[in-house]
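Novice: Use these hints to put chain B onto chain A, whose structure you have.
Read off the chains here:
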Amino acid sequence: MAEIEKTEIYGTGYLDKRRLIPRFRGPLPAIVNFIFLAIIFYATWWIFQDPRGLMRMYTPYVGYMYTRWLLVTIIWVAYIFSFWPFRQDWLERTHPVIKGIILTAFTSVILIVLIKGFFHGLLGNYSIAYFSPEQLEKIGITSFYALEYSSLAILMFAAIASWLGPAWVAAAEEAPWQKMPQPVKGITIWITTFFLSVIIYFVTMHPHMGILYYPWQEFTSIAPPWWESFANTVSGNFSIGWIMCCTVVVWVYETIWERYPFSLIRNSILRRFSAFFGIIAISLALAAFLYFAQELVWGEAIRGTRREFSPDWRWLHVGELAIFWLLPVLWLKFYHGNWPNRFSTPVNVVLRTLITIVAAAGFYWTYYKTAHLFLGVQKGFSHPQQFPMIPIIWFICIMLINHWFMDNWPGWKMKERGVDATEQAIEKARSEISWSPTLLIGLVAGVVAGIVLYFCLIYALPTLGEWLTIYPK
Amino acid sequence: MNKKEKGASRRDFIRGTATGVGVGALASAGVFSYSPWRKSMFPEVIRNQVDIGVCKSVKVTNISETSWFSNSDLIGDIKKAGGLLVNQYSFNWPPFCDGGDLAKGSYESSMAKIKEFLPDRLDEAWEFIEANAVHPENAGGFSCLVEVEDLDGTIHKILFDTGWSYKWMDECFKREGIDKMLANGEIEALFITHEHFDHFWGLPVTLKYAPDIPIIIPDTFYNEGKQYIKDCGHTGTVTEVGSGVNKIMPGVASLKFDIPIICRVFGEQDMFFNVKDKGLVSVTGCCHQGIIKFVETAYKEIKYENDNLFGLYGGLHISPFEDWDPKYDDLVISLGKYDFDRIGCNHCTGIVTAKKFIETGYPVVKGTARFRSQDTAYLGNGDTIEFKS
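Taken in sequence, the protein lines are chains A and B.
The opening residue of the first sequence carries number 1 in our numbering; numbering runs sequentially from there.
The opening residue of the second sequence carries number 1 in our numbering; numbering runs sequentially from there.
No wet-lab data here; the hints were simulated from the structure.
You may find that some hints are simply not true.
Dumping the calculated BS3-like pairs for lysine-lysine here, alpha-carbon to alpha-carbon at most 25 angstroms [claimed, not checked]:
{"id": "1", "chain 1": "B", "residue 1": "Lys226", "chain 2": "A", "residue 2": "Lys379"}
{"id": "2", "chain 1": "B", "residue 1": "Lys366", "chain 2": "B", "residue 2": "Lys39"}
{"id": "3", "chain 1": "B", "residue 1": "Lys157", "chain 2": "B", "residue 2": "Lys39"}
{"id": "4", "chain 1": "A", "residue 1": "Lys138", "chain 2": "B", "residue 2": "Lys80"}
{"id": "5", "chain 1": "B", "residue 1": "Lys80", "chain 2": "A", "residue 2": "Lys379"}
{"id": "6", "chain 1": "A", "residue 1": "Lys138", "chain 2": "B", "residue 2": "Lys355"}
{"id": "7", "chain 1": "A", "residue 1": "Lys428", "chain 2": "A", "residue 2": "Lys415"}
{"id": "8", "chain 1": "A", "residue 1": "Lys428", "chain 2": "B", "residue 2": "Lys3"}
{"id": "9", "chain 1": "A", "residue 1": "Lys116", "chain 2": "B", "residue 2": "Lys355"}
{"id": "10", "chain 1": "A", "residue 1": "Lys138", "chain 2": "B", "residue 2": "Lys79"}
{"id": "11", "chain 1": "A", "residue 1": "Lys379", "chain 2": "B", "residue 2": "Lys104"}
{"id": "12", "chain 1": "A", "residue 1": "Lys116", "chain 2": "B", "residue 2": "Lys79"}
{"id": "13", "chain 1": "B", "residue 1": "Lys56", "chain 2": "B", "residue 2": "Lys355"}
{"id": "14", "chain 1": "A", "residue 1": "Lys428", "chain 2": "B", "residue 2": "Lys4"}
{"id": "15", "chain 1": "A", "residue 1": "Lys379", "chain 2": "B", "residue 2": "Lys79"}
{"id": "16", "chain 1": "B", "residue 1": "Lys6", "chain 2": "A", "residue 2": "Lys428"}
{"id": "17", "chain 1": "B", "residue 1": "Lys226", "chain 2": "B", "residue 2": "Lys56"}
Here are some chain A residues the structure puts well away from chain B; computed CB gaps all over 12 angstroms [as the list claims (entries may be wrong)]:
{"id": "18", "residue": "Ala105"}
{"id": "19", "residue": "Phe106"}
{"id": "20", "residue": "Asn125"}
{"id": "21", "residue": "Ile199"}
{"id": "22", "residue": "Arg303"}
{"id": "23", "residue": "Arg306"}
{"id": "24", "residue": "Trp339"}
{"id": "25", "residue": "Ser382"}
To give an idea of the interface, some chain B residues facing chain A are shown, with a C-beta separation under 8 angstroms as derived from the structure [unchecked claim]:
{"id": "26", "residue": "Lys226"}
{"id": "27", "residue": "Thr237"}
{"id": "28", "residue": "Asp325"}
Positions of the beta carbon are idealized from the N, C-alpha and C atoms, including for glycine.
Bound conformation, chain A alone (with noise of 0.2 angstroms):
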């Protein structure tokens, strides 16, 4: 008890025992933010991103890669380091917009040094040169490309840190430091993702970046990279395009899905691995089927062409699509209560993925139709200046701060600390499966059903694909 109350000093389940009431009846409150959330969007993306706002930093890496790295610090903050070393009666008892300056604050401080003094300064200045702009223009890069190519190496780990992070807290469920108290716990998590994240790069990231330059550096790098021959590119967009699944489907498990269906699992070793592994192995599932997706609405992959049809592209593409579902998903769940509820969690489940993914795509249908008309990006599907993980994920970014660092606010007001969500989420899940025969004969069912389904969507995506046409040929 003791311990608890100890690890309880600074935001550890804080995230998950505030009671968020709204202030306004139906559906207001979400339109509330919306416009709230709009706003800030537009103003921010005209200061600090739009090709012809102020700082202009859509070149696109550049603002790519702080984009990216925005939203792992963020996430380190809320989730790894429990808002430490803000107090929990602070958290509690401060403005939510007061909160939100602070806290953004200090998570663009840690942002800062961590590009600045890390990438730039240490690893690029004493390691490997192309995570510094000026190393890369001592040996001849231009300027403009010089700083394009370290922003793309930073922005690269940014990718699989924003999995790693979050999928330790919510697949692994920070084990085996759970208990401990905050800043160790998050220390160590952060060491560890970290370390993870350093590993995963340099087998999926550095063979691009060795190739990035000529000659290939053979000596330094696999070149070409592994993945040719299966990925039919050399260009690391491949791994680009699974990792964001699964930071994607990490967020999926954790919101919609209430860590079902791995959370029946009772025995926690067993229950951690599946998640952490299952998350990876879904992933996987949807990147291949986003790729094949592309493929039959817009045909097959030449290797060698440009944009929509270079396979380095749609391997891009199967990441920026799925960051069209995060936004949906994220939505719903914080503003939305995780509607619906009222169903068993496997029910919830499904309706919550389903009007998801319509929402999904209503939004990219949408978001490619009017995106060049007020963000100042290029019109079409590929192009160098159409990067929609950019303004998805800044809007993200915008939505976490305005979630976890101000409580929904203004829509929305902290009242009291309440139960445990997410352990009262599991407990729901569990009290309601338990194994029978018509349990059984309900999954294989499902089973078939789902397959059925599989082969239904890819047999109707061309007519889909001709049918919902945004460019026409």
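Specialist: For chain B alone, kept in the frame of chain A given last:
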């Protein structure tokens, strides 16, 4: 089974089914989506080949491939102006300059300053431009002379793009004798691949010698581009080419691609030549659509000798600013399967790309690196390449 048990049983079935649907769909997606079996769902490639006739030979003389002389200045200007989407006519680059700052100009304000000099008093126009433009010294241009020989030996000459800088292009035209060919009416048409500054803005230099030359442009030109043709004093016909195969003369056709290009340009057209007994030759300006896409389209839409890809010439737009991305290696690697017999590349291909082509063993025709062309890997300024039966 009582009512309560029936209800429990029904709920178990639904919960099992809901879970199973997810498992079944994800498992199918994982097993089938990237398997070789999926290819059974792709439609067969249908070749709808247009017969464009044949020619005896094609010769290309590179008048200028050096569109700009400093990557750093060009990229720096684009970045400072606000990125790749900024309208090229607003940059205050030559000749569209009004003395204002970078990206603060417009077609109208610039043309008002130089219109009186076009197309005959280009020295005076350039004097104004040098004093008022952003980086006038960086402007070069892309242009080449295409000579097509009919089966009966008749030679047809087409000017393929017209460069950028008035001063530089006039020097290049004189160096290669283009000025006299234009003045004598030997050149039958000016073919503009796309609206980009380095391919199109040198138009008055051509019109100075042949104001009535027929001009062929893609139908995606903006109003500024069409007005520029008029303001330069053009008196001949202008043909706007739409999508599909456009036959120009026996053995010669063009194809237009609707693609977005940097600096707010849209659409590019390039040329094909069907050389008797040899096969297809492709001549491109920048090939923003990508050379593989260009060739794959030709494979589907044009009938050519022996089904053979004979030659390739022009800017291939792979690493125009000597930047690199592993996806360009995909092109270098996969170009081999198309088995071209002769390749001449320059301009926006990228010297690194040309060197990689040579290292890979492709039949690249090297140049002489004269007249400010930088490397022999490029078929440079003043160099020629011939494709003949």
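Novice: Each hint: holds or not?
Specialist: Against the structure, the hints come out as follows:
{"no.": "1", "hint": "B:Lys226 to A:Lys379", "verdict": "holds (23 angstroms)"}
{"no.": "2", "hint": "B:Lys366 to B:Lys39", "verdict": "violated (40 angstroms)"}
{"no.": "3", "hint": "B:Lys157 to B:Lys39", "verdict": "violated (46 angstroms)"}
{"no.": "4", "hint": "A:Lys138 to B:Lys80", "verdict": "holds (22 angstroms)"}
{"no.": "5", "hint": "B:Lys80 to A:Lys379", "verdict": "holds (21 angstroms)"}
{"no.": "6", "hint": "A:Lys138 to B:Lys355", "verdict": "holds (22 angstroms)"}
{"no.": "7", "hint": "A:Lys428 to A:Lys415", "verdict": "holds (24 angstroms)"}
{"no.": "8", "hint": "A:Lys428 to B:Lys3", "verdict": "holds (23 angstroms)"}
{"no.": "9", "hint": "A:Lys116 to B:Lys355", "verdict": "violated (35 angstroms)"}
{"no.": "10", "hint": "A:Lys138 to B:Lys79", "verdict": "holds (20 angstroms)"}
{"no.": "11", "hint": "A:Lys379 to B:Lys104", "verdict": "holds (23 angstroms)"}
{"no.": "12", "hint": "A:Lys116 to B:Lys79", "verdict": "holds (22 angstroms)"}
{"no.": "13", "hint": "B:Lys56 to B:Lys355", "verdict": "violated (30 angstroms)"}
{"no.": "14", "hint": "A:Lys428 to B:Lys4", "verdict": "holds (20 angstroms)"}
{"no.": "15", "hint": "A:Lys379 to B:Lys79", "verdict": "holds (19 angstroms)"}
{"no.": "16", "hint": "B:Lys6 to A:Lys428", "verdict": "holds (21 angstroms)"}
{"no.": "17", "hint": "B:Lys226 to B:Lys56", "verdict": "violated (34 angstroms)"}
{"no.": "18", "hint": "Ala105", "verdict": "holds (28 angstroms)"}
{"no.": "19", "hint": "Phe106", "verdict": "holds (31 angstroms)"}
{"no.": "20", "hint": "Asn125", "verdict": "holds (23 angstroms)"}
{"no.": "21", "hint": "Ile199", "verdict": "holds (21 angstroms)"}
{"no.": "22", "hint": "Arg303", "verdict": "violated (4 angstroms)"}
{"no.": "23", "hint": "Arg306", "verdict": "violated (3 angstroms)"}
{"no.": "24", "hint": "Trp339", "verdict": "holds (17 angstroms)"}
{"no.": "25", "hint": "Ser382", "verdict": "violated (10 angstroms)"}
{"no.": "26", "hint": "Lys226", "verdict": "violated (21 angstroms)"}
{"no.": "27", "hint": "Thr237", "verdict": "violated (29 angstroms)"}
{"no.": "28", "hint": "Asp325", "verdict": "holds (7 angstroms)"}
Consistency note: the structure conflicts with the earlier hints numbered 2, 3, 9, 13, 17, 22, 23, 25, 26, 27.
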